[in-house]
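Could you put the whole structure together from the sequences, leaning on the hints where they help?
Heads up, the sequence shown is in the numbering used here, so the first residue is 1 and it goes up one at a time.
No lab work stands behind these hints: they were computed from the structure. Incorrect hints may appear among the rest.
Stated by the list, open to error - When the alpha-carbon atoms are kept at most 27 Å apart in a straight line, the in silico DSSO-like pairs for lysine-lysine are as follows: (1) Lys180 with Lys44; (2) Lys128 with Lys104; (3) Lys29 with Lys104; (4) Lys116 with Lys29; (5) Lys104 with Lys179; (6) Lys128 with Lys180; (7) Lys128 with Lys179; (8) Lys180 with Lys104; (9) Lys179 with Lys44; (10) Lys180 with Lys109; (11) Lys116 with Lys128; (12) Lys128 with Lys109; (13) Lys179 with Lys116; (14) Lys180 with Lys116; (15) Lys29 with Lys44; (16) Lys44 with Lys128; (17) Lys104 with Lys116.
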Amino acid sequence: MTTSTTASLTRDHKGSQVPVPGIYDIDSKHTSVEFVARHLMITKVRGRFDDVEGTITVADIPEESSVEVTIGAGSVSTGEDQRDAHLRSGDFFDVDTHPRWTFKSTVVKQAGDQWKVEGDLTISGVSKPVVLDVDFDGANITPWGTAALGFSASTEIDREQWGLTYNQVLETGGVMVGKKVRIELNVEAVARPQDATA
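Printed below as a string of structure tokens:
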């Protein structure tokens, strides 16, 4: 069993520290997908999705790497049951018709110390391109001897582009729910055993 993080890190042609090539499965128990939206134009409501799975494929050339993620829309949680039920309804996510959302990368490129991951985000059956600002947070070896990687990422979307247009106009002006939604991810992914890829 290796006990050094050097087994899960290497350097690319630019000298940046990057993960060792391979397929890494997202560890849902140590991964968070959160969102932040304006409420009543004056405050922010934060929510999360607990059902997250996917893979990160790290290529020999980092720019040829890829990401695929699936999110269970019904796992939304904002800390308020009535609001969560409304989000699951046809006014918003319509989880009975579209139970799962997906993100599939199309381009990975380095931008200074950060990475840009472009891809198609599908919400409630509508696919639109988004760009994630991604930081590689490092690597370590689990107590079971497998390599684990950490990434953080964020983006901002206009929910109405995905058909999520429900709102209410306020008497004092403005709307109940803001159009802009910030998405924040903290991802832990574990190297898939070599025999599992054969």
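Evaluation of the provided hints:
1. Lys180 with Lys44: holds, 11 Å
2. Lys128 with Lys104: The hint holds at about 11 Å.
3. Lys29 with Lys104: holds, 21 Å
4. Lys116 with Lys29: Holds. Lys116 to Lys29 sits at ~25 Å (cutoff 27 Å).
5. Lys104 with Lys179: holds, 23 Å
6. Lys128 with Lys180: holds, 15 Å
7. Lys128 with Lys179: holds, 16 Å
8. Lys180 with Lys104: holds, 21 Å
9. Lys179 with Lys44: Holds, at about 12 Å.
10. Lys180 with Lys109: holds, 25 Å
11. Lys116 with Lys128: Holds: Lys116 and Lys128 sit about 16 Å apart, inside 27 Å.
12. Lys128 with Lys109: This hinted pair holds, its Cα atoms lying about 19 Å apart.
13. Lys179 with Lys116: holds, 23 Å
14. Lys180 with Lys116: holds, 20 Å
15. Lys29 with Lys44: The hint holds at about 25 Å.
16. Lys44 with Lys128: This hinted pair holds, its Cα atoms lying about 24 Å apart.
17. Lys104 with Lys116: holds, 13 Å
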